[in-house]
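K.L.:
All chains should be built: construct the whole structure from the sequences, respecting the hints.
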Amino acid sequence: MNLLTISKIRDGTVIDHIPSGKALEVLRIIGVRSGSRERVSMAMNVESSKMGRKDIVKVEGKYIGEEELNRISLIAPEATINIIENYEIVRKFKVSLPERVEGILKCPNRNCISNDPREPVLARFRVENSGGVVARCEYCGKKVYEIERYLV
Amino acid sequence: MSKFRNLISIDDLSRGDIEHILSRADEFLDVARGERKLRILEGKLLANIFFEPSTRTRMSFESAMKRLGGDVINLGSLEASSFAKGESLADALRVVEQYADCIVLRHYREGAARFASEICSIPVINAGDGAGQHPTQTLLDLYTIKKEARLDNLKIALVGDLKYSRTVHSLIKALALFNARIYLVSPDSLKLPEEMLEMDVNFVECDLKTAIEEVGVVYVTRIQKERFPDEEEYRKVAGSYRITAEMLGDSDAIIMHPLPRVDEIAYDVDGLRNAVYFRQAFYGVPVRMAILAEVLL
Numbered sequence: 000m001n002l003l004t005i006s007k008i009r010d011g012t013v014i015d016h017i018p019s020g021k022a023l024e025v026l027r028i029i030g031v032r033s034g035s036r037e038r039v040s041m042a043m044n045v046e047s048s049k050m051g052r053k054d055i056v057k058v059e060g061k062y063i064g065e066e067e068l069n070r071i072s073l074i075a076p077e078a079t080i081n082i083i084e085n086y087e088i089v090r091k092f093k094v095s096l097p098e099r100v101e102g103i104l105k106c107p108n109r110n111c112i113s114n115d116p117r118e119p120v121l122a123r124f125r126v127e128n129s130g131g132v133v134a135r136c137e138y139c140g141k142k143v144y145e146i147e148r149y150l151v
Numbered sequence: 000m001s002k003f004r005n006l007i008s009i010d011d012l013s014r015g016d017i018e019h020i021l022s023r024a025d026e027f028l029d030v031a032r033g034e035r036k037l038r039i040l041e042g043k044l045l046a047n048i049f050f051e052p053s054t055r056t057r058m059s060f061e062s063a064m065k066r067l068g069g070d071v072i073n074l075g076s077l078e079a080s081s082f083a084k085g086e087s088l089a090d091a092l093r094v095v096e097q098y099a100d101c102i103v104l105r106h107y108r109e110g111a112a113r114f115a116s117e118i119c120s121i122p123v124i125n126a127g128d129g130a131g132q133h134p135t136q137t138l139l140d141l142y143t144i145k146k147e148a149r150l151d152n153l154k155i156a157l158v159g160d161l162k163y164s165r166t167v168h169s170l171i172k173a174l175a176l177f178n179a180r181i182y183l184v185s186p187d188s189l190k191l192p193e194e195m196l197e198m199d200v201n202f203v204e205c206d207l208k209t210a211i212e213e214v215g216v217v218y219v220t221r222i223q224k225e226r227f228p229d230e231e232e233y234r235k236v237a238g239s240y241r242i243t244a245e246m247l248g249d250s251d252a253i254i255m256h257p258l259p260r261v262d263e264i265a266y267d268v269d270g271l272r273n274a275v276y277f278r279q280a281f282y283g284v285p286v287r288m289a290i291l292a293e294v295l296l
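For the record, the sequence lines run as chains A and B. Just so we're aligned: 1 in numbering that gives the first Met the number 0 is position 2 of the first sequence, and the numbers increase by one with no gaps anywhere. Just so we're aligned: 131 in numbering that gives the first Met the number 0 is position 132 of the second sequence, and the numbers increase by one with no gaps anywhere.
Incorrect hints may appear among the rest.
As the list claims (entries may be wrong) - The calculated DSSO-like cross-link candidates involving lysine-lysine, where the alpha carbons are at most 30 Å apart (straight line), are:
#1 Lys84(B) to Lys105(A)
#2 Lys2(B) to Lys141(A)
#3 Lys146(B) to Lys142(A)
#4 Lys146(B) to Lys65(B)
#5 Lys141(A) to Lys65(B)
For the record, the hints were derived by calculation from the structure and aren't laboratory data.
P.N.:
What follows is the structure, given as structure tokens:
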């Protein structure tokens, strides 16, 4: 029998059904990085009846808004979110693709105004799903196909 | 009643918007020629901010504004401006908008005009953003086609640098709205990017001779020397995309060019009725009048 070696959390967010190997990018998208204070546990490459292998991320002590969570769908379109309070799941939902995202992707076009360090501008993208997730820079029109490569 | 406040990208315009601007340009044709006086923009001030060189675009905006009774202020030389001191575009725009009623911006970075339109509380017209968009050029190209040939069910050949020419890319997007059949004539190294070929447009790849026989409009672009590894290679390619009077024979196709030309159209074409490229430059005035009236009134 496979026992999941990841403990239950008291209050926080569980992000399940992340494609295997993408857990670290998911943490980046929700703003958990080195120096962050939240308690984070993570399981990578665990078996899943639905996905073969998957990653799971649990974040304790940080409130993550739904809009922020939906950004995860850029790299994990099947991800499910469980909001935990006092060890109980109080809410469960699937992430949905946001129409646009701001400040989490960098435009691949080096000559795009959003890459000018002098300007007070945040890269902003319109997100489409046509057979795969594609983000289109709202400034220069450049399309991003490999989302992970351009996460800020 | 204005349909839009800024003009940033041809992608923002519907077929209806484009037809609206083109028919408005018709109302200004005689004013653009100096045959009728009109002062509808009296008291309005346009700021021309050009970070890159321009002759036709800058001067035709100036002509359009002044012939409609308005006035123009210019950024002047970059070296003498605050940009030489490292001021950001955002700060500069926030200052310039205090002095004028509308901004025409050419900048070397893609997306600069969109960014400007988000910052400024006065209308912004994109006069070219790096390799990105140059919508007023596209509109004057469409106007030329409308006046000198026809826009609906058009057969048009695009000749020369189809890979890097922003003029060509914007024109294709607009022509797609008018069900055009587009003949592509270019050297292998300067073919239309794959991404554009995926558009829902009827494309035909062919040589220059076939194109001239088939189409009503031949749109020629400059093949830039710097795109080739050596001069020999450039000469070989450039020569085979050069239009001469002899090649045109008794063809009725009109010849367009965004200018400046180097040698892709021989001088002996200039006197033929096919040559419309200098009139095309003139049409920039009524079209820009229509755009200015649209955003300023």
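K.L.:
The structure should be examined with respect to each hint, and the outcome stated for every one.
P.N.:
Structure-based check of all given hints:
| no. | hint | verdict |
| --- | --- | --- |
| 1 | Lys84(B) to Lys105(A) | holds (27 Å) |
| 2 | Lys2(B) to Lys141(A) | holds (27 Å) |
| 3 | Lys146(B) to Lys142(A) | violated (35 Å) |
| 4 | Lys146(B) to Lys65(B) | holds (24 Å) |
| 5 | Lys141(A) to Lys65(B) | violated (37 Å) |
The structure is inconsistent with the numbered hints 3, 5, although it conforms to all the rest.
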